[in-house]
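Enquirer: Chain by chain, the residues run as shown.
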Amino acid sequence: MNSLLRHKGWTWGFRTTILLYFVVLIVLPILGVYYNSFSLGFKNFVESISDPIAWKSVLLTLRLALIATIINVALGTMIAWVLVRYKFPGRSLLNSLVDLPFALPTAVGGLMILLLLGPGSLIGGAAEALGLEIVFHQPAIVIAMVFVTFPFVIRAVQPLLEELDPSEEEAAYTMGAAGSRVFRKVILPSMAPGMIGGGMLAFSRALAEFGAVVLVAGNIPGRTLVSSVFIYGEVESDNPTGAAAVSIILLTLSFLILWLINMAQMRGRRS
Amino acid sequence: MHVEVRGLNKHFGNFHAVKDVSFEITKGHLIGLLGPSGGGKTSILRMLAGLETPDAGEIVFHGQVVNNLPPQERGIGFVFQNYALFKHMTVYDNIAFGLKVKKANKSFIRDRVMELVELTGLKGFEKRYPQQLSGGQRQRVAFARALAPEPQLLLLDEPFAAIDAKIRQELRSWLRELIERVGITSIFVTHDQDEAIEVADEIMIINQGRLEQKGTPWDIYKEPKTTFVATFIGESTLIENAAELKGFKPAEDSRSTKALIRPEYIEVGDRQEFKMASATEKGIVKHLQFRGSEWLVEVEVNGHKLVTYRSLEKETLQVGQEIAVLVHRAYLFNDERSWIQENSLKEDPMPVYI
Amino acid sequence: MRRLWIGLTYIVFFLLIAAPLGKIISNAFSQGLPGFRDALTRPEALHALMMTALVVVTVTVLNTVFGIMTALYLVRAEWLSSRLKNLLNSIVDLPYAVSPVIGGLMIVLLLGPDSALGAVFEHIGFNIVYAFPGMVIATLFVTFPLMVREVMPVLQEIGGQQEEAASTLGAYGWKTFWKVTWPSIQWAVTYGVILTVARSLGEFGAVLVVSGNIMNKTQTATTLVYQDVENFNVTAAGGVALVLAAFSVGLLLLMEWSKKRKEVR
Numbered sequence: 001m002n003s004l005l006r007h008k009g010w011t012w013g014f015r016t017t018i019l020l021y022f023v024v025l026i027v028l029p030i031l032g033v034y035y036n037s038f039s040l041g042f043k044n045f046v047e048s049i050s051d052p053i054a055w056k057s058v059l060l061t062l063r064l065a066l067i068a069t070i071i072n073v074a075l076g077t078m079i080a081w082v083l084v085r086y087k088f089p090g091r092s093l094l095n096s097l098v099d100l101p102f103a104l105p106t107a108v109g110g111l112m113i114l115l116l117l118g119p120g121s122l123i124g125g126a127a128e129a130l131g132l133e134i135v136f137h138q139p140a141i142v143i144a145m146v147f148v149t150f151p152f153v154i155r156a157v158q159p160l161l162e163e164l165d166p167s168e169e170e171a172a173y174t175m176g177a178a179g180s181r182v183f184r185k186v187i188l189p190s191m192a193p194g195m196i197g198g199g200m201l202a203f204s205r206a207l208a209e210f211g212a213v214v215l216v217a218g219n220i221p222g223r224t225l226v227s228s229v230f231i232y233g234e235v236e237s238d239n240p241t242g243a244a245a246v247s248i249i250l251l252t253l254s255f256l257i258l259w260l261i262n263m264a265q266m267r268g269r270r271s
Numbered sequence: 001m002h003v004e005v006r007g008l009n010k011h012f013g014n015f016h017a018v019k020d021v022s023f024e025i026t027k028g029h030l031i032g033l034l035g036p037s038g039g040g041k042t043s044i045l046r047m048l049a050g051l052e053t054p055d056a057g058e059i060v061f062h063g064q065v066v067n068n069l070p071p072q073e074r075g076i077g078f079v080f081q082n083y084a085l086f087k088h089m090t091v092y093d094n095i096a097f098g099l100k101v102k103k104a105n106k107s108f109i110r111d112r113v114m115e116l117v118e119l120t121g122l123k124g125f126e127k128r129y130p131q132q133l134s135g136g137q138r139q140r141v142a143f144a145r146a147l148a149p150e151p152q153l154l155l156l157d158e159p160f161a162a163i164d165a166k167i168r169q170e171l172r173s174w175l176r177e178l179i180e181r182v183g184i185t186s187i188f189v190t191h192d193q194d195e196a197i198e199v200a201d202e203i204m205i206i207n208q209g210r211l212e213q214k215g216t217p218w219d220i221y222k223e224p225k226t227t228f229v230a231t232f233i234g235e236s237t238l239i240e241n242a243a244e245l246k247g248f249k250p251a252e253d254s255r256s257t258k259a260l261i262r263p264e265y266i267e268v269g270d271r272q273e274f275k276m277a278s279a280t281e282k283g284i285v286k287h288l289q290f291r292g293s294e295w296l297v298e299v300e301v302n303g304h305k306l307v308t309y310r311s312l313e314k315e316t317l318q319v320g321q322e323i324a325v326l327v328h329r330a331y332l333f334n335d336e337r338s339w340i341q342e343n344s345l346k347e348d349p350m351p352v353y354i
Numbered sequence: 001m002r003r004l005w006i007g008l009t010y011i012v013f014f015l016l017i018a019a020p021l022g023k024i025i026s027n028a029f030s031q032g033l034p035g036f037r038d039a040l041t042r043p044e045a046l047h048a049l050m051m052t053a054l055v056v057v058t059v060t061v062l063n064t065v066f067g068i069m070t071a072l073y074l075v076r077a078e079w080l081s082s083r084l085k086n087l088l089n090s091i092v093d094l095p096y097a098v099s100p101v102i103g104g105l106m107i108v109l110l111l112g113p114d115s116a117l118g119a120v121f122e123h124i125g126f127n128i129v130y131a132f133p134g135m136v137i138a139t140l141f142v143t144f145p146l147m148v149r150e151v152m153p154v155l156q157e158i159g160g161q162q163e164e165a166a167s168t169l170g171a172y173g174w175k176t177f178w179k180v181t182w183p184s185i186q187w188a189v190t191y192g193v194i195l196t197v198a199r200s201l202g203e204f205g206a207v208l209v210v211s212g213n214i215m216n217k218t219q220t221a222t223t224l225v226y227q228d229v230e231n232f233n234v235t236a237a238g239g240v241a242l243v244l245a246a247f248s249v250g251l252l253l254l255m256e257w258s259k260k261r262k263e264v265r
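Residue numbers (the working numbering), protein chains in the order written: chain A, 1 to 271; chain B, 1 to 354; chain C, 1 to 265.
For the record, the hints were derived by calculation from the structure and aren't laboratory data.
Please note: incorrect hints may appear among the correct ones.
What the hints assert, rightly or not - Below, simulated EDC-like cross-link-like pairs (lysine to aspartate or glutamate); rule was C-alpha separation at most 16 Å, straight line:
1) K258/B / E342/B
2) K27/B / E202/B
3) K175/C / E157/C
4) K123/B / D93/B
5) K179/C / D93/B
6) K258/B / D335/B
7) K175/C / D93/B
8) K87/B / E164/C
9) K175/C / E73/B
10) K282/B / E294/B
11) K87/B / E157/C
12) K259/C / D51/A
13) K305/B / D335/B
14) K260/C / E168/A
15) K225/B / E336/B
Chain A with its partners taken away, still in its complex shape (with noise of 0.2 Å):
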């Protein structure tokens, strides 16, 4: 029994099933979004990019999800210095909150939004009353982004703060600095790298988000449809390939910020 189990094929084994789940889980099916958007020639991947419902998608995506990724720098760095510097009731418990929207299901996410801004509720009529269009609209998909991206930012600005030496702010305002002049040159700058990253985090994540937004969305085109929700709308409609070469534009989108992400956390390990 021992000898069988030390047998070298099991070494063998082991090793090459790592690496078929490996390409087939992940590397095959990249390749094959990329094989697949060119497989009916360049021309056909450039008509199919060219379709204004696809690239006006595209753009809609990328404004929105930049709004949502400012939004949330802005109240995430908030948050994390108010949950970091501040000792007062309940702070543990909205640490703890911070994670909720990860946890959730996306889709129960959109639904809680649907619930709550949607024509029937409190909110949505006080808003329909004022003339303001929130669901179905493109402040609805801004909201749905902000919702599921929410603790990219606290959480990389947090360990950030955590880490700031008080000494360093004491120094500064030994030296007689006022407090805002601090908090541009000593405090500000040390929680960029967090802002910067968790931003870029919540950029990528908004990019691709589906299940909330495809909720909430009105999904006309090229006034509230998202890319996501269009490559859905293309495969649902049998047209595979279209879904395919809006697919790359935003997965070579998503790579490339993943990228920079990891080059930025090299540079800050060496530096």
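Since the structure of chain A is provided, determine the placement of chains B and C on it from the hints.
Expert: Only chains B and C this time, still in chain A's reference frame:
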């Protein structure tokens, strides 16, 4: 265990870490692998253990080639530099691990572990976890753990490197005694020559992947075979041109021959103190340092700075004083060869002070 | 100043987290307890919850085993050159960057009925896409980095020497793993399992594309919520969503707990 190594080679990428090393170790001996850091000592030790595979060469235990045996089957004990104790196991479980793996029966394990606990002076610490122990205690646990399965060869990688200087001294003699008592063939790696000289029966000097010399500490000190060994072991002063020293005119072309002189090869004092005054040279005391049991004297002779010791029993020297200097012998070397030469102007051989 | 910031933080949390959570609870019970019960005991709801449970269990088991092994190989393997290891290491993160919908699309393209591989499988009567295996593969793809990224740093931190020590003491790979490696990584694995469960429980986009969302066949809890909303059956959607949300909150509590254990170690 009788250990033999033939033509061992190891590369890490482009780096040739071990270059054609061969040696033989007699059963029961305690061997020190000594050399500068990064010289390949640890690689040799790891290849002996089977943790690293040699690119070429043979490792023979008891006349049997073990190159293809995994570490599990080599019958060795290994003490790691940072001990690598299992941090989630108690001292007892750490020591018992090797026996449990071998499925020894319970009462035997208990007896053996308690015996080792006793032997290593860890009684009362069996229930503790590694992080609750001091460095010296951890070292003892690592040692007991390696010994528990009764290996035939004990390998120790810088066993004292992570321990305070004070306790290190104590542990050294403890280890030496223990290994003698257990009677196990042992090889340890160190970069500290005092440690090697003090603990080992035999020393192997490793430099840049090569075995420079193997021998007893005394042999190596007395007769260094290579220039590296001569400079590495003990203190010495290098004289670029040996011919400038009185009594050391080599027969052949003297220009290229250099000399290494150890402090104990030099005698200083008043001219009348010497029997063979003609062999001495004039020197000026440049610096004096009290070393507790002797004086360290820096003396300038013909523009060369030499370093030596002087007994406290003798008359105390003064800085700037003119004295006589006798160089008894020197280690001479040039591009072709190296040898030890006695002062040719000196008739009767002087007793050697060390 | 301090008051203002804390107040603002509370407002953000209330608007973004507490209010939606509260709303989903009140919505699920908007027609009383019987309404909530009816929404959940619909045959399609029960089936969807069962499908979700099946996917979660299968994916968690597979992802845990393969994730630990991948992490071990990426950190320890000497038979992989360091360049290949670096390449594989960056590939691990790719699923993070891939939109779930695209992840689903990939599997449809690769294994769907129109693809060469899919045709082969269909021929032998083994459907992958629009069936359970496809849903598992899609979820595996999405959850792949979670376990690897939790276990790898711990393995790197503890180093390989304890394992080497075990091998010189006569222990082989299996024993070394369970006696020496496992105790060090168990909390990281626990955390990874919780993350995997949370992610596979909530996976929506990839599963929606791959499963085809066929009622009583391949429909999961999240895709049922989607369908209910599309059919303007918001109360029913709320019932299932509340169950999912309750699980998520439970998982969140577990996460906090295991994070603490992980830190103490």
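Enquirer: Looking at the structure, which of the earlier hints fail to hold?
Expert: 3, 10, 12, 13, 14
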